[in-house]
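Fit chain B to the given chain A structure using the hints.
Protein chains in written order, with our numbering: chain A, 1 to 404; chain B, 1001 to 1228.
What the hints contain is simulated information worked out from the structure, not anything from laboratory work. Any given hint could be a false lead.
Sample of chain B residues at the chain A side, in silico, Cβ under 10 Å [to be verified]:
1) Gln1052
2) Ala1094
3) Val1098
Even for Gly, the Cβ is constructed at its ideal location relative to N, Cα and C.
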Amino acid sequence: MLTLKLAARNLFRNYRRTLLTVLSMTVGYWVLVATLSLTEGSYQSAIDLFTTQQTGHAQVSANGYLDRPGLHKTVDQYQQVIEKASNDERVQSVSARIFASVLSYGESKSYPAQLVGIDTGIDKELLSNRLSHGANRLAPNQEDYYGVVIGHSLAQQVELGVGGELVLISEGLDGSIANDIFIVQGIIDSKYQSDGMRVYMSLESAQQYLALYEKVHQLVVRLNSPSVAREYASDMRARLPSDLEVEPWQIVEETFYKSMQADKAGGHFAVAIVMIIVSVAVLNTILMSVLERTREFGVLMALGTPTRQIVGLIMIESSLLAFAAVSIGFVTALPANIYLENVGFALSQPVEMGGVQISAITGQSSVYTLGLPAVVVVLATLVVALIPAYRIAKQSPLSAMEAV
Amino acid sequence: MSNVIETKSVSRHFGKDETLVKAIDQVDLQIEEGEFTAIIGPSGSGKSTLLQMIGALDTPTSGEVWLAGKDVSAMSSSELSSFRRDNIGFVFQAYNLVPVLSARENIEYVMLLQGISEEERIRRVDEILQEVGLEGREGRRPSELSGGQQQRVAVARAMVSKPSLILADEPTANLDSKTGYALLDMMRNLNEQHTMTFVFSTHDTKIMEYARRIVKLVDGKIVEDTLK
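The shape of chain B in the complex, shown without the other chains:
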C-alpha cells in the first residue's frame, strides 16, 4: 500500500515571541491508502490544524506535506485549488452545504468543477444517494434537511468525485449521538466498499472506536499511534 498522506517534520506556529503558540510541532505521519483513521485529542491539541494542512487549506510553518505523492507545501494557491478539487473530499463539522443548491446539486458541485459529463454526474449522484440513504430527498435544499441528512449530503459530496482522501473535521460534533454513530457506520461502510482513505478528527471516545487506527495528539505532538 502506498502512502496517501505523508508529513515530514511538519510544524504550524501562530504568533511570535511571548505569544508563540505551537499548534503542530514536528509531526511525522504516514497514512496509507484505504485507512480509516481517527485523529483524537483534547480541545486545542492541534487536530483541526493538522487536518487543515493535510487538506491543503493551510501551509505549514516548516516541514513538508505530501499528498498522493505530491508536495503540497510547494504549490501555488491556484495549484492547490485544483489539487483539492481532484484529490480531497471535505466533510465539515457545520456541514457547509451551499444553501441555494438542492442536495443533488450540492453533491454534483465538485463534478461540475471537474467538467464531468452530465450523464456520468447523474449516474454517480443516483448511486451515492442510494448509498447514503437519501433517495427521494435529492431535490431538497439544506434548510429542508435534518442535521444528520445534511451531513450525509456532505459525505456524498466529498466522495462522489472519487478523491484519494476524505477529511472530516469533527463530523459528528453537531449531531446527536445516535445520528453520529449512524453517520460513522455509513462512513466506515463506504470506506470498506470503495477503499477510499478516511481521516477524521474527534474528541468523542465512542466515535473514535469506529476507527481502525487512532492517532492521538497532545499539545501539537503525536503521543500515541494505535492500529486496531
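Chain A extracted, bound-state conformation:
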C-alpha cells in the first residue's frame, strides 16, 4: 500500500513528463493497433474475397481430383451430396461447379481456355461486380444459345466482344466430341487476372455440353465463419462416402494460403520494429525519471527500505504509466478501429494480394488487434523498467545518496 501510494504520487510529481511518457506509450499503442488492424483486416478481406469468389471455405470433390483434376473424376448424384454437406449449422451455402479444358474459337483465332460451370442461383453474385463489359446473363437466348462470361485476356485473344459467338471444343464424358456455340454476354475486367482465360457458363449448360448429367467436379461450401473450415472438413470426411475428399480452403489453395502466411510473417516483423521503437522511447523517459531520483532511493535504502521494495516501486510506477497509456489508447483507438473495419479507405489503384484484387483497406477489431498491442506495451514497459530498477538495486545506499 505504501509502495503504491509512493508510486502514484511520484507520477504526479513531474506531471509534464508523466504526460509525455503516457503519450509516447499511447502513440505506440495506436501504431501497433493500426498496424495489426490494417494487416489483419487486409488479409481477412483477401481471404473473404478469395473464398467467396473462388474456392469457398471447403471443397468436396472426387478422390484425387485436387492433385490431378480430370473430366472423369466427378461427384456423382451431387444433389444428395449437397444435401448431406448442407445439413450442418456451420454451413451458409453449397454450390456445384464444373471445370474443363476447352479450345475456344472466335472471329478468326482459336485459343485454349478453362471452362467453369457455376450454379447461377447460389453463385449469381460471383460475376456481377467483376464485369467490365456486358451483363451476367448465362441463360439461353431466344435461339437457344447459352450465354457465357469470358475473361478479358481471352476476349482479346479470340477477338470477341459482347454479343460475339464463341465456339468451344472439348471432350465429353461419354467420349464424344463436345462442341457448341455460346454467346459472349459479358467480359470480366482485366484486373481479375486469374479469370483472364476463363469461360463462365451455367452449370446446366456445362453439364449438357460435357455430357455430365447429375455429375459435377466440385462442391464449394461456404461457411458462416472461415475459421471453422478445417474442423468442418474433418467432420465432413467422416460423413460423406469414402470416394469423396473434403478439404478446407487452406489445403485447396495452398499457394494462396502460404503467400498469406508469408505476408503475415512480414507484418509481424513490422510490428516488432514498432515495438522496439516504442520500447526505446519508454526506456528513455523511465531511465531519466528513475536516475534523477537516485539520491532519494539512497535515502529510502538508508532508512531500511528493502531493495525489492525499491525495485517494486519502480516497477509499479512503470506499470501505472503503461496501464494509463493502454486505457487511453484503447478508448481512443476502439472507435477509430471500428470505423476502419466498417468503412476503411479506398485505394486509388487496386493492389493484388495472393491473386485477389484489393480495392479498399479495412481494419479489424478483435482481441488480437486491440489486446496484443496492450500486452506488448505493458510488457515492453516492464522489461525496460527493469534496467533502471536493476541499476538502483545494485547500488549501496551510500553511493546512491552521493549521486548528483
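Chain B alone, transformed into the frame defined by chain A:
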C-alpha cells in the same frame, strides 16, 4: 551502561598507492547508551566517514564496528538494511525527506516498514509531533516547510521508531544559527527525556558546546576525547 557503539581499530581507506587516502585510521571508539556526543573536526577529518560506518552505510577497510552488541561489518546488505531500520535513526544535513509524503507520512515511514499497527503509529506520530513542535503542520509536504521545520521532521522520523542510536551528520549545516541552536536544544531535550543515544558531527564550535562528550578527529584519527 552498555556500549551502543564500539569500533575496534576501524580504518577506511580510499584509492591505493600514491592516491591512497586514509579517511579513518585505526579508530577505537566506545559510545554508551544515552550519550549525547559530538564528533568534531575540520573538513576532511573523517567525521562523515566515521558516522557512515557507525550507521552501517559503509563498510570499513579493516577493523570491526559493533552496534547494539552486533558486528555490523560481517552483515549482508539485506541484514544491514533490516538492522538500520530497527536500530538506527538518521538525520541528514540536507534533511532528505521524501518529497511526495507529508510530514506525518515521512515520520510514519520507518514504522510502516517495521509493520507497526496503524493505531500505534498514529499515537507515536502525534506524540513526537508535539515534542518537536510541529502540531498543525503534519499535513504539509517538505516543500511547504521551512528548513528548520524540515529538519525537525527528520529528527522526528529518526526517533519515532525508537532506535537505539540516532546519527546526525552536520544537522545544522543548512540552517541559520538561531534555528540550528533551537534544533540542538530540542535534540538534547529529547535525548534527556528518552535516554536515546545521539551522535552528531559538526565543525561549528558553538554547536559542539551542546554536546556532553566531544570526540575530535584530525586526519582520520581521534586526537581528543572530552567528557563535559
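Hints, one by one, checked against the model:
no., hint, in the structure
1, Gln1052, "6 Å, holds"
2, Ala1094, "9 Å, holds"
3, Val1098, "7 Å, holds"
Of the numbered hints given earlier, the model fails none.
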